[in-house]
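Protein chains in written order, with the numbering used here: chain V, 64 to 394; chain H, 38 to 393; chain C, 78 to 332; chain L, -10 to 227; chain F, 4 to 297.
Please keep in mind that the hints were generated in silico from the structure rather than gathered at the bench.
Any given hint might turn out to be false.
Taking lysine-lysine and the PhoX-like style, the derived pairs with C-alpha atoms no more than 25 angstroms apart in a straight line are [what the hints assert, rightly or not]:
1) H:K86 <-> H:K338
2) V:K270 <-> C:K80
3) H:K283 <-> F:K133
4) V:K150 <-> H:K155
Here is what each chain is made of, one letter per residue.
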Amino acid sequence: MADQQGKTLVRFRNIAIATILVATLVQFLGNVGLFNNYYLHILTVIGINIILVASLNLVNGYLGEFALGHAGFMAVGAYVAALIALKIPLPALVRLPLSLLGGVVAAGVIGYLVGRVTFKTVGDYLAIITLGFNMIIVNAIQNIDYLGGPRGLTAIPKGTNLVTVAVCTVITYWILRNLVDSVYGRMWLCIRENAIAGELIGIDVNKVKNLAFTIAAAFAGLAGGLYAQYQQFITPKSFDYLKTTDILVMLYLGGMGSLSGSILGVVAYTVLMELLRNVLGMVAPQLADLRMLISPLILVLIMLTRQYGLMGNREWRWLLPDRKQAEGGDA
Amino acid sequence: QQNGVKIGVSAPISGDIAALGQSTKNAVLLAQEEINAKGGIDIGGKKQKVTFIIEDDENKPESAATVFQKMINQDKVVAIIGSQSSKCSNAGAPIAEAAGVPQISPWSTNPNVTKDKKFVFRACFIDPFQGKAVAGFARGKMKAQTAAVLYDVASDYNKGIAEVFRDEFTKAGGKIVGFETYNTNDKDFSAQLSKIKGASPDVLFLPNYFNDVPLQVQQARKLGMTCKFIGSDGWDNQELIKMGGKDMEGSFFSNHYSPDVDRPASKTFIANYTKKFNTQVDAAAALTYDSVYILVKAIEKAGKLDPKAIRDAIANTKDFDGATGAITFNGSGDPVKGAVMIRIDNGKFVFDSAVN
Amino acid sequence: MLKIENLTRSFGGLTAVDDLSLHLETGDIQGIIGPNGAGKTTAFNLITGIYRPDQGRILLDGQDLSGLTSDVISRRGIARTFQNIRLFGKMTVWDNIITAFHQRMGHGFWDAVFHLPLFKSREREVCKESLAFLERFGLAERRNELAENLPYGEQRRLEIARALATNPRVLLLDEPAAGMNPTEVEGLIGLIRDIHREFDLSILLIEHHMPVVLKLCNRVQVMDFGRTIAAGDPHEVTGDPVVIKAYLGDEEDGL
Amino acid sequence: MSILEIKGLSVSYGAIKALEGIDLRIEEGEIVSLLGANGAGKTTALRAISRLLPIQGGDILFQGKSITQVPVHGVVSLGIAHVPEGRGVFPSLTVQENLKLGTWANKRKSAIPDLRQEVYRIFPRLEERKTQLAGTLSGGEQQMLALGRAMMTDCRVMLLDEPSMGLSPLFVKEVFRVIKEINATKGTTILLVEQNANMALKIAHRGYVLETGNIVLEGTSKDLAHDPRVKEAYLGHQ
Amino acid sequence: MIATAIQQLLNAAQLGAVYALIALGYTMVYGTIRLINFAHGDIFMLGGFVGFLLVSVIPGLPVAVMIPLAMFITAMIGVMIERVAYRKLRNAQRMSLVITALGVGIFLENLVRILVGPQARQIPAQLPNKVLKLGGGVVITEDKILVILISLALMVILWVFVNRTLIGTAMRAVADNRDAVQLMGVNLNLIIATTFAVGSALAAAGGIFFGQAYSIDPYMGIDLGWKAFIAAVIGGIGSIEGAVIGSFLLAGVEVLTVAYLSSNLKNGIAFGLLIILLLIRPNGIMGRAELKKV
Ligand SMILES: Nc1ncnc2c1ncn2[C@@H]1O[C@H](COP(=O)(O)OP(=O)(O)OP(=O)(O)O)[C@@H](O)[C@H]1O
Ligand SMILES: Nc1ncnc2c1ncn2[C@@H]1O[C@H](COP(=O)(O)OP(=O)(O)OP(=O)(O)O)[C@@H](O)[C@H]1O
Ligand SMILES: CC(C)C[C@H](N)C(=O)O
Ligand SMILES: [Mg+2]
Ligand SMILES: [Mg+2]
């Protein structure tokens, strides 16, 4: 316990402020051409993915369920936000928050409804039901011409950049951390560890599970809304189970039940993929072929050497609330 | 200014349409070899070697966006060829547009791709054009009274053409007796085909890719369907015949070029390509090859590596003599370009007629 | 206080609990004994809502509990431990207890989302209370260890502590002395006696260790094949030939 | 030569040392009990012998030959059966299937029907519940099944980890009687870990006392039963 | 009308048979080590390519040799994958293994893409594949009858193997308690390897039939793998007969949705129905309720 009483500079609040400041600076430098926009892009994508992965961690990590439909809720958020941005004439300053809020609420509501149904089952049956909802959502969008069908929606106004993503990521983390470090987070862990014992200390298991599911869906919706207004183009295929498995890979790579792990998992995976791209590309264009061959090998190797993912069940100290830090929480 | 021109290529090297990624890569490498053999691109009288940076976009929009960002900002390419699928081009286009880097997609046929964009071009015709051409052909030359359609509902290309075909065919006095869909990666179409069989159409329109079509045709024949088949540019690949065999005989499809047409540009490309890679040309390869040369010509015409100038030169391309025919841009991102109808005859793609 | 009337539950062809009735008066420590497979644990499962009874009623202070879910029953004031210990293994000892305090948090969802002042003060409060609790059970030293890493005896104690943390009026203990040697059992007897007094509890206890039953219970009920075969004062009941034949075995073990 | 001899056995879980070099010796045909408080390392010792745990030091000899390089299933084939703590029955298999798996390593296939008869004679409850899933048996029933299953292996040494845990008094006596019977009629050597020290010392020939990873006492059962330290720590004040 | 209905049922049967061939392997592995082997669909693909390569490299190789040989080779690959990528994680949390399996799957897809090429291929038909006319316009091909029969036969054989043999009992015991099963003298590694071998061999057979009746490509395993996973779960995962029933049910729902509702909404409606089914039977059709013994 090197730091005394949690009164160090490395605290959530300071890191959060620093993150936003750095993001603003980097975005500014990028805009004036002093910072490589490719890196800027990678950072933005990382931010969006962190929201996705961390929110899924609530369900798959803390709650210990195996949900396979996260991309579906992302789709709901993305489409609702995109529609608001596209169809309602709003000043840019209002448009972004309003559309994001729309995405969050819509995804949250859908998540709540799906959760109501889903939590009648557990384990792999739950996996299938969530996967099924993901497919149903994608299939529905494909068939709704108003949503562009398989062609998707183009020309969505660009509302997102690194700064907005950083702000959203920080808020997400603040809320997730607060929840995890509260009676709700503890109840989720209880259910993961032993649902029957949880019930017998008076936890309304289904209600508490659905709370996690709804929150996770809502944040997936936030990520979707950011994504839609960053990429300016969305198509249903971007939200199918391949996307869900990408999210899962980053989640488990980082480690279940660890918000720090979700950051690490996303960063490690994204950086790995881009490093491979650059290294292989530097050698010869033919080697672009090998990227998808090498990356899964590295993934398997990491999992073989770190069974619990990079940070499984551990947290960086600064993510913990001061109170916990003072008690000497995890490294 | 240092020597060498860098051009980015965003291609689906891996993922569900990796076969097209392969063709893309082949065509680019062939063009690179040809250009550099001649000393490079002639820019203001000085020859500069060209390097193509080929990146894998996995046929995923997110990856395409990353690839575009990398090529533009990291590799500092002067222009981008790609991507193939419309969904990837759509993800890349806003980036190219914002950066002011010209983009030519070989084969993104979704009308949205170039919409309201100054820097985004394509080397192919668009879905509505093709749907209309095929519908006209079915009504006209094939004299079909009734038609059915089976298409991949999850794919923008297939769905786009299918819907235009339906509307145009009906407008031309025909009757659509079946309009069935499947999902990407389905391999069993018997349920849809059994349903279509009940309506016994004169022709069955299959605006799908060459890896699905042979299965659809085989299964239709095995169910005892006797109608003719007609398709779109997604058919253009020798695999169609390799897999479909004699069931494909007598079918028609619309395409960007014809292998047996008497055009020197097509002929030399096809000969060189076949020789170098020991495989047949397909639409992806031909269109990519044309995209590269449209760009190279434009760079030469601009006489400098200035994106804006290159962009203007592309937009003003007139009667470019490509492997897929004459291409003209009238200032917009979409070329004025004809289609051809191909007939499958003794296991060969044979020119049937031209549509403009 | 707790009144069970004609409780019946069968699995397939087997009637695990058959027409069981039982009265637990306020302040009682009552024992349930009986051969393996007699239906004792099943009776606990019925009382705590893990199984639904086929027939019969469970009344707590006159209110019918049958058909309610486990969590509701817990909130009505019944807590239990399990024959096979069920702790939250990957949580710390402390968190095991704090979680059981969830009823007493007294703040709302949004307080937790934004860590508002009310949340913080309540959380501090509950931490303190739970620490006191741990101290009471001699587990304070171990508070930051994962529950699954505790030795067996301490796991048992933690489970009892967790049950008590839900502030029950009735505590059900399923073989708390299993796996303990006679000396350890003596410690356990002391513990149960103390908590019974301190927490104002009525206790229902399943046990195969006769010393526990004899020293703690003011009444026992003997089950066999789901039915009650004897009930009453522990010393009398354990002298009953029926009970000896079905459950205790002859005085001399003939080894 | 002892049938089972343990020399300087050390086992740790990560940083936690569970056994710090213990020595045990068991002669053919003996019942030896291993006593110790919760967490003393008794289970650890048994799991190390049957090779379920990797060992950090020392040697385990079966009939004079080291078995530290033998895999778990090999140890069983040599004739050492281990009835684990918590019984370890297969909950989703029926009683019958559980017993059947017990014969996996039994080399005398012809003896199996007789063995089964014997198990059913000793535990008639198991025969009644032949087709019930083991997971739904009561605790005591599961213990019977675990013992019966070990008998089916036709082993020479049985390692029993708290076989009386959770059993009714009647049944505890029964189990100890059966253990004695198996030992007497078949000559099976038995290493018995028990919390019920009174009973264990009654049927065992000799005993060891384990405290926090070290053997602190050994001797004949009689001596141990009268040792004040044992009385104080394990037998309670009766 | 009736003829079309019968035709559609036949269509469903052949699609179901294909799902079943993959789902059986899924369920085998799951029933033993509780691993959702996300690479199983890719093993199926690999099996198809092994068959394809055998036929291409040794023209004229009779089916009766080719199929067993391909099954054997694929089984060995399956065993190798378990050895290299899964064994070390056997005692880790389940999800680490799931992700590793996903990684293995992606690796296999890309390996085949690079080595054999990304195109779709058909394995030259070696099974009889004449079209049989059943009257009223109802048709079926011989190879499809064969596939249906084989999948049913395999189900029976596997069922007997898993439920009636000692090895099968050991496999189920592995799922319950890995330590205890070793204490019976069972070589855990051998049992698990056997499971992977059998599962992979089945997948290979499935891949070859599939490659003859339809086509194979490096990515085919993803979708089919998911479908088979879904079928296995619906049937009650771990249950052999459940896997087959689930497969036919999934295929039936898909085909009938196309036939009588809307092909546009195939996935939507099919999954909607399956979700409803799972809500009615939360442990799948043949699945046993989790033992809730406390
Ligand atoms: N879920 C279930 N399904 C089938 N049978 C069950 C189930 N639960 C319990 N049983 C059966 O009911 C009977 C009573 O079991 P129970 O666990 O209540 O016994 P018990 O009295 O607690 O025994 P022990 O002292 O051994 O723990 C047993 O025969 C058991 O096999
Ligand atoms: N998997 C494990 N990881 C870490 N520590 C462990 C593990 N298993 C046991 N221990 C520790 O090793 C020590 C010895 O444990 P062991 O289970 O051998 O004791 P025991 O004598 O069998 O006790 P009991 O009578 O409670 O069964 C204990 O301190 C225990 O906490
Ligand atoms: C390569 C193909 C996927 C291109 C298709 N014409 C499209 O627009 O998407
Ligand atoms: Mg019990
Ligand atoms: Mg022990």
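Of the numbered hints stated earlier in the document, which are not met by this structure?
2
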